[in-house]
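Got chain F; can you put chain W on it based on the hints?
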Amino acid sequence: DAGITQSPRHKVTETGTPVTLRCHQTENHRYMYWYRQDPGHGLRLIHYSYGVKDTDKGEVSDGYSVSRSKTEDFLLTLESATSSQTSVYFCAISGLAGEAYEQYFGPGTRLTVT
Amino acid sequence: GNSVTQMEGPVTLSEEAFLTINCTYTATGYPSLFWYVQYPGEGLQLLLKATKADDKGSNKGFEATYRKETTSFHLEKGSVQVSDSAVYFCALTDSGGGADGLTFGKGTHLIIQP
Chain F
39 DAGITQSPRH KVTETGTPVT LRCHQTENHR YMYWYRQDPG HGLRLIHYSY GVKDTDKGEV
99 SDGYSVSRSK TEDFLLTLES ATSSQTSVYF CAISGLAGEA YEQYFGPGTR LTVT
Chain W
316 GNSVTQMEGP VTLSEEAFLT INCTYTATGY PSLFWYVQYP GEGLQLLLKA TKADDKGSNK
376 GFEATYRKET TSFHLEKGSV QVSDSAVYFC ALTDSGGGAD GLTFGKGTHL IIQP
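Just so you know, the protein sequences line up as chains F and W, in that order.
In terms of the numbering used here, the first sequence is residues 39 to 152.
In terms of the numbering used here, the second sequence is residues 316 to 429.
The hints are simulated quantities; they were obtained by calculation from the structure and are not laboratory data.
Incorrect hints may appear among the rest.
[As the list claims (entries may be wrong)] Quick partial rundown of chain F residues pointing at chain W, CB under 8 Å, derived from the structure:
#1 79
#2 140
#3 146
For glycine and all other residues, C-beta sits at the position ideal for the given N, C-alpha and C.
Looking at chain F on its own, in the form it has when it is part of the complex:
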């Protein structure tokens, strides 16, 4: 299994508070991604990174920001959490030679915004 950890694994927060989720990899993969999983929607891409300090928006980026200051860490920030951001958040990585498009997923973070 790819070495991907996410923290925290569970979080409950109040509407309007900022929240940061962390993804850490030990695989030295170039690409990192944040997805959210919601019933009836599958997984949807929030943001992704193709290198240190290089990031881009995905399908559902409104209300989220990301940062990648080191190869191994990719942070997702909810600037002011809303109830619609209650979801399960998954980090993924890819980028080994010959496996450029395969993505490996972390265990997920369950976020509840009350």
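Same frame as chain F, now just chain W:
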């Protein structure tokens, strides 16, 4: 834009039955296609992949063939087991040399009864 359509289920089968989960896609380029599996409380695991037309991906008794003419990538298994109970996601990437992220179907919940 890209999209993936799959039967949502739940699909309920008896042990040793034949499984087919349909997946069709639309893409602007030449996508790579994937099936991922998610067991309860876990992240997604790559099950199999195909990167060009007529490729067959296979793993753990599951198979899927990339059919460009019908834009399909149906998942099949000849004899399912209770341990195959999970949610299955069809996905594609159309990165054209980059790694912009996966587009997922909504997932198919598979229940295998003993």
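So, going through the hints one by one against the coordinates:
1. With its C-beta approaching chain W no nearer than about 6 Å, residue 79 of chain F sits inside the 8 Å limit, and its interface hint holds.
2. Proximity of residue 140 of chain F to chain W holds as hinted, the smallest CB-CB distance being about 6 Å (cut-off 8 Å).
3. Using the Cβ-Cβ criterion of 8 Å, the hint placing residue 146 of chain F at the interface with chain W is satisfied: the shortest such distance is roughly 5 Å.
In this structure, none of the earlier numbered hints is contradicted; all agree with it.
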